[in-house]
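Asker: Sequence:
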Amino acid sequence: MSDILRVGIIGLGGISRVHIANLLNMENAKIVAVCDINKDRLAAAVEKTGADGYNDWHDVIAREDVDIIHVLTPHYLHAPMSIEALKAGKHVLTEKPMATTIEDAKKMIEAADKAKGTLSVIFQNRYNASSVAIRNMLETGELGSFVCARASVCWHREAPYYTESGWRGSLETEGGGTLINQAIHTLDLLSYLGGPIRRVLGHISTDLLRDSIEVEDNCHAVFEYESGAKGVLHCTNNYGIDAPIMLELVFENATYQLHAEKLFKVVDGVPTLVVEGQDAKHLGEKSYWGDSHKIQIAKVYDCILKGVPFEIDGRSAFPALNLVKAIQESSRINDWVELEKI
Numbered sequence: 001m002s003d004i005l006r007v008g009i010i011g012l013g014g015i016s017r018v019h020i021a022n023l024l025n026m027e028n029a030k031i032v033a034v035c036d037i038n039k040d041r042l043a044a045a046v047e048k049t050g051a052d053g054y055n056d057w058h059d060v061i062a063r064e065d066v067d068i069i070h071v072l073t074p075h076y077l078h079a080p081m082s083i084e085a086l087k088a089g090k091h092v093l094t095e096k097p098m099a100t101t102i103e104d105a106k107k108m109i110e111a112a113d114k115a116k117g118t119l120s121v122i123f124q125n126r127y128n129a130s131s132v133a134i135r136n137m138l139e140t141g142e143l144g145s146f147v148c149a150r151a152s153v154c155w156h157r158e159a160p161y162y163t164e165s166g167w168r169g170s171l172e173t174e175g176g177g178t179l180i181n182q183a184i185h186t187l188d189l190l191s192y193l194g195g196p197i198r199r200v201l202g203h204i205s206t207d208l209l210r211d212s213i214e215v216e217d218n219c220h221a222v223f224e225y226e227s228g229a230k231g232v233l234h235c236t237n238n239y240g241i242d243a244p245i246m247l248e249l250v251f252e253n254a255t256y257q258l259h260a261e262k263l264f265k266v267v268d269g270v271p272t273l274v275v276e277g278q279d280a281k282h283l284g285e286k287s288y289w290g291d292s293h294k295i296q297i298a299k300v301y302d303c304i305l306k307g308v309p310f311e312i313d314g315r316s317a318f319p320a321l322n323l324v325k326a327i328q329e330s331s332r333i334n335d336w337v338e339l340e341k342i
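In the numbering used here, the protein residues as written are 1 to 342.
If you are wondering where the hints come from, they were derived from the structure by calculation, not from laboratory data. Mixed in with the good hints, there may be bad ones.
[As the list claims (entries may be wrong)] Label-pair distances were calculated between CB atoms; the ranges are:
id, residue 1, residue 2, range
1, 139, 272, 39 to 45 angstroms
2, 87, 274, 43 to 49 angstroms
3, 272, 164, 22 to 28 angstroms
4, 164, 106, 31 to 37 angstroms
5, 271, 141, 21 to 27 angstroms
6, 52, 208, 40 to 46 angstroms
7, 113, 243, 36 to 42 angstroms
8, 80, 274, 42 to 48 angstroms
9, 271, 240, 18 to 24 angstroms
10, 272, 195, 21 to 27 angstroms
11, 64, 141, 44 to 50 angstroms
[What the hints assert, rightly or not] Derived pair list, reagent style PhoX-like, types lysine-lysine, alpha-carbon separation capped at 25 angstroms:
id, residue 1, residue 2
12, 230, 341
13, 230, 114
14, 30, 230
15, 87, 107
16, 106, 116
17, 341, 106
18, 30, 306
19, 306, 262
20, 116, 230
Note that the structure is a prediction, hence the values are computed from the model and not measured. Cβ coordinates follow ideal geometry from the N, Cα and C atoms, glycine included.
Turn these sequences into a full structure, and let the hints steer you where they fit.
Answerer: Below, the structure is given as structure tokens:
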């Protein structure tokens with residue numbers, strides 16, 4: 001394999017700016033094709049990257065010289081685009097969520113198992129300094145057994161965010177609301193740092209935006225890990241600002257709170273900063289996204305070129321979507337729901 005991966009980007013919305021900015025600074029990546037149905041977005045991306053522009057995503061996947069496809073489209077397109085690209089022998093890096101349904105997620109995993117290329121899913125917050133610090137301590141065993149988790153994702157979204165998008169706010173095309181769009185990174189960390197979740201009892205509702213959307217803008221849930229540890233979650237798009245995400249992890253020997261990149265150790269109820277993290281603004285990223293897209297994209301490319309597996313494949317990404325769908329189902333039946341197995 002060449003030491004440079006030739007890139008096709010499908011979808012040129014807001015998150016594409018982060019991918020493009022990082023790819024243009026990577027020596028082992030060359031953007032050769034960009035695609036969007038929006039002519040203005042497409043023209044801007046062609047000018048910035050020097051790549052060929054396409055309106056039809058099938059044409060990008062059909063190019064023999066494209067090694068990897070970045071799928072940055074609305075949620076409901078992640079699965080069909082990723083599966084077609086995998087069947088065409090391409091590597092795939094898709095934004096979260098990997099799919100909008102459990103069935104489609106399983107189809108993606110199956111396609112990747114049979115494919116020449118690899119499937120990777122963006123969950124960049126695993127590479128935030130705070131997450132890395134916790135993961136390192138878990139590996140040493142110094143934290144002791146895991147006791148419980150508490151997560152809060154309080155953001156602000158108004159009706160135009162949904163109504164002007166053409167796809168957000170619909171269960172069919174978005175797959176959910178605050179759970180699958182804003183909170184899913186935190187759901188990923190709940191499993192990544194806490195371990196497998198066995199069952200959940202949750203309630204979702206559409207409150208302030210009930211006249212504009214059919215998906216949830218508010219969620220409360222409690223869940224139980226396979227280890228017996230407990231967890232609670234609150235996420236909403238009804239807050240007045242995009243507040244920093246808070247994830248508290250209680251272990252036998254220590255309690256920590258992750259506030260985006262920052263990590264605090266809590267002793268007798270008093271938090272003390274132990275990891276500062278970085279300011280994402282210098283990368284032109286929104287501060288609440290974190291600045292770890294650069295790290296994840298670089299790791300994906302390094303693994304592909306070395307021929308080794310990347311850690312966030314379809315199976316690794318599945319638990320976050322699994323939890324989203326279990327909470328939605330729990331709310332529907334008003335009872336505990338066991339999470340799917342793969």
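Asker: Would you mind marking each hint as holding or not holding in the structure?
Answerer: Checked hints:
A beta carbon spacing of about 22 angstroms between residue 139 and residue 272 contradicts the range 39 to 45 angstroms that was offered as a hint. Checked against the hint of 43 to 49 angstroms, the pair residue 87 and residue 274 passes, with Cβ atoms roughly 46 angstroms apart. Distance hint for residue 272 and residue 164: a CB-CB separation of about 43 angstroms, inconsistent with the stated range 22 to 28 angstroms. For the hinted restraint 31 to 37 angstroms between residue 164 and residue 106, the CB-CB distance of approximately 32 angstroms keeps it satisfied.
With their beta carbons about 23 angstroms apart, residue 271 and residue 141 fall inside the hinted range of 21 to 27 angstroms. The hinted range of 40 to 46 angstroms is satisfied by residue 52 and residue 208, whose Cβ atoms lie roughly 43 angstroms apart. Look at residue 113 against residue 243: about 39 angstroms separates their beta carbons, and that is inside 36 to 42 angstroms. Range check, residue 80 to residue 274: about 44 angstroms between beta-carbon atoms, so the 42 to 48 angstroms window is met.
Between residue 271 and residue 240 the beta carbons are some 23 angstroms apart, a value that agrees with the proposed interval 18 to 24 angstroms. Residue 272 and residue 195 have their C-beta atoms about 26 angstroms apart, which keeps the hinted 21 to 27 angstroms range intact. For residue 64 and residue 141, the Cβ-Cβ distance of about 49 angstroms falls inside the hinted range of 44 to 50 angstroms, so the restraint holds. The suggested pairing of residue 230 with residue 341 holds, with an alpha-carbon distance near 19 angstroms, which does not exceed 25 angstroms.
At roughly 37 angstroms between alpha-carbon atoms, residue 230 and residue 114 are farther apart than 25 angstroms, so this suggested pair is violated. Annotation: proposed proximity of residue 30 to residue 230 is violated, straight-line Cα distance about 45 angstroms (limit 25 angstroms). Restraint check: the Cα-Cα separation between residue 87 and residue 107 comes to about 12 angstroms, which is no more than 25 angstroms; the hinted pair holds. Between residue 106 and residue 116 the alpha-carbon distance is near 18 angstroms, which keeps this suggested pair within the 25 angstroms criterion.
For the proposed pair residue 341 and residue 106, the alpha carbon gap of about 10 angstroms is at most 25 angstroms, so the pair holds. Simply put, residue 30 and residue 306 have alpha-carbon atoms about 17 angstroms apart, close enough for the 25 angstroms limit, and the pair holds. The straight-line distance between the Cα atoms of residue 306 and residue 262 is roughly 32 angstroms, outside the 25 angstroms bound, and the hint therefore fails. As the CA atoms of residue 116 and residue 230 are separated by approximately 40 angstroms, the hinted pair breaks the 25 angstroms bound.
Of the hints listed earlier, those the structure fails to meet are numbers 1, 3, 13, 14, 19, 20, in rising order.
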